[in-house]
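Enquirer: One-letter residues, chain by chain:
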Amino acid sequence: MDSDFYFFSGGVPQEEAPFDNSDKDENVLNVTKISGFKTSLNYFEGKSDLEIWRMFISGHEGAFQYIYSTYIDDLFRYGSHITTDREILKDAIHDLFVELRNNHSKTDSIRFYLLKALRWKILRLLKNQKNRLDRNKLFAQFNAVIEISYEEKMIFNQITEQQLKKLAQGIKGLTRRQTEALYHFYYEDMNYKEVARIMKLTSIKSARNIIYKSIKQLKNFFKS
Amino acid sequence: MDYTNYSIEDFVKDENFKHWVLHPDSESNFFWGSFLQNYPDQKNNIGIARSVLLSVIFPEPDVSPLSEEEKDFLFEKINTTKRIEGNLKKHPDATQKWLNINQTIRAAVILLLCTVMAVVWNELSWEEPDSEIQFPVDMITKSTPFGQKLSIHLNDGSEVKLNGGSYITYPENFIDQREIILTGEAFFDVAELPGKPFTIKTGDITTTVVGTAFNIKYIDDSMVDIAVLRGKVTIDTNEQRSKKQDPVVINPTEMMSYNPVKGSFTKKSLEYNQVFGWTHDIIYFKNNNIDEIFSTLEKWYGVHFNVKIDLSKKKDFSGIYENKNLDAVLTGIGFAFGFDFDINGKEVIIK
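Those sequence lines, one after another, are chains A and B. Note that the numbering used here numbers the first sequence so that position 195 is 195, with each residue one more than the last. Note that the numbering used here numbers the second sequence so that position 327 is 327, with each residue one more than the last.
Among the hints, a few may not be true.
Covered stretches of chain B, going by a simulated chain A footprint (3 or more residues, C-beta under 8 Å) [claimed, not checked]:
no., region
1, 48 to 61
2, 66 to 76
3, 139 to 147
4, 193 to 205
5, 240 to 249
Derived by calculation from the structure, the hints in this document are not laboratory data. Please read all numbers here as calculations on a predicted model, not as lab measurements. From the three backbone atoms N, C-alpha and C, an ideal C-beta is built for every residue, glycine too.
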């Protein structure tokens with residue numbers, strides 16, 4: 001067994017160690033600067049949000065990179081509902097990730113955590129816009145639109161065109177706040193708790209109230 | 001949740017129902033598929049609720065998605081900002097005081113600074129401006145897929161051997177700040193530099209060394225193993241540091257296991273080949289069962305085992321393989337356990 005210690009005797013191998021592949025260093029393996037984007041990220045696939053988040057908090061740069069590349073498209077798409085200003089969106093995403101390194105709390109849903117943080121980053125940037133005239137126009141204008149697809153009825157054949165028209169009319173009567181809650185609940189697939197948190201409502205109950213009330217308004221449709 | 005009496009409206013408002021309709025997955029398909037079979041009376045209500053949800057659409061605003069270049073550029077910008085802010089943070093008090101000084105004094109300070117700088121410049125010339133604050137620290141990340149290892153020579157003279165499936169991150173100019181972040185397994189042979197501690201962060205715990213050779217294994221947050229070959233190593237957890245407790249000392253030929261869940265350290269016996277063998281391409285088994293063996297080999301060779309037969313879990317196996325290919329290793333193990341195998345690229349079929 002002693003012969004195994006040769007490598008460590010002076011810190012440098014006396015003979016060529018089978019391990020020594022330092023000369024192929026650069027081309028065999030993934031070598032990247034953090035700023036690069038090419039590190040193999042499949043290391044994280046199949047890992048839970050909780051696990052990835054913990055690795056990120058412990059300073060794992062690969063995890064940070066993975067989070068960025070996994071959610072960037074979704075974040076940008078979500079943000080574009082709040083403002084269509086590309087530069088503001090990029091600034092907000094930039095600020096979000098810079099701050100994330102220094103300041104983060106626990107989460108078991110990375111996606112929700114990021115969407116929520118992004119939303120408030122965008123709103124803050126919009127609020128600070130220099131042009132005060134534009135400010136009111138820009139602030140908190142969540143651009144959720146609900147439309148009815150009449151083609152779906154061909155597939156399901158469960159509701160009549162008449163009923164769909166009623167539904168479309170009812171949707172027009174919803175307030176912006178209601179539309180926004182419905183958007184988060186249905187389109188972003190959040191639960192009531194998450195809807196309450198992202199819209200900064202006081203409780204889960206108020207999230208339920210907004211959505212229940214919206215559905216009630218559309219109830220004409222269900223009755224017919 | 002009792003869905004048997006749900007109305008159309010109830011279904012539309014239900015978290016689980018809308019999740020199934022709008023974002024179906026195998027779990028929800030199974031649940032609602034079985035529900036429909038068991039309660040055919042609800043078929044009509046479910047059908048209508050489903051149609052309603054599917055006919056409501058939320059159109060996306062007319063903004064084209066970020067291009068790959070925009071994403072790369074943004075990511076780079078995020079990292080640059082981080083480093084500058086990170087460096088400024090080292091002097092929070094100074095910055096704070098600076099902001100509190102009133103205008104007149106600030107001007108005087110600037111003037112004074114200019115004078116001092118001019119003097120220094122005359123003396124030292126251009127070559128060594130104080131780069132502490134202005135220039136970001138460039139960080140390097142190196143990683144290995146399973147089945148491959150990597151030797152890294154750091155510019156302080158230290159050597160790192162990274163085992164398969166591992167990641168390390170360290171500053172480009174390693175001499176000023178000898179700090180490494182590791183996930184996975186690595187062997188360190190650290191150059192002695194008085195007054196410049198060498199630290200490795202693995203999750204919750206930090207290992208500090210001065211001139212030594214040791215192995216750290218940190219695969220996930222369930223266990224961190226640190227084995228010391230030469231020199232001396234101290235380790236401490238975030239908690240210990242915040243409570244100002246003394247770090248745990250590990251002496252040569254000792255191995256310490258840290259369990260982050262319990263926050264406890266356990267001293268373990270150290271078998272040389274078991275811990276350090278991988279640095280010489282030695283696979284070492286000692287009383288391992290077949291699951292442990294396959295798991296080791298999967299990581300070692302970057303393959304996946306597809307076991308088509310029942311193998312005894314009780315049987316254990318010992319052996320040393322030095323610089324052998326997978327075929328040679330499996331021939332021996334297959335003989336001991338009584339199996340045959342086929343190697344098809346990354347997949348190994350055990351039959």
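Enquirer: A separate judgement is required for each hint: does it hold in the structure or not?
Expert: Quick rundown of the hints versus the structure:
1. 48 to 61: holds (count 13)
2. 66 to 76: Holds, because 7 residues of the region 66 to 76 of chain B bring their Cβ atoms closer than 8 Å to Cβ atoms of chain A.
3. 139 to 147: holds (count 7)
4. 193 to 205: holds (count 4)
5. 240 to 249: violated (count 0)
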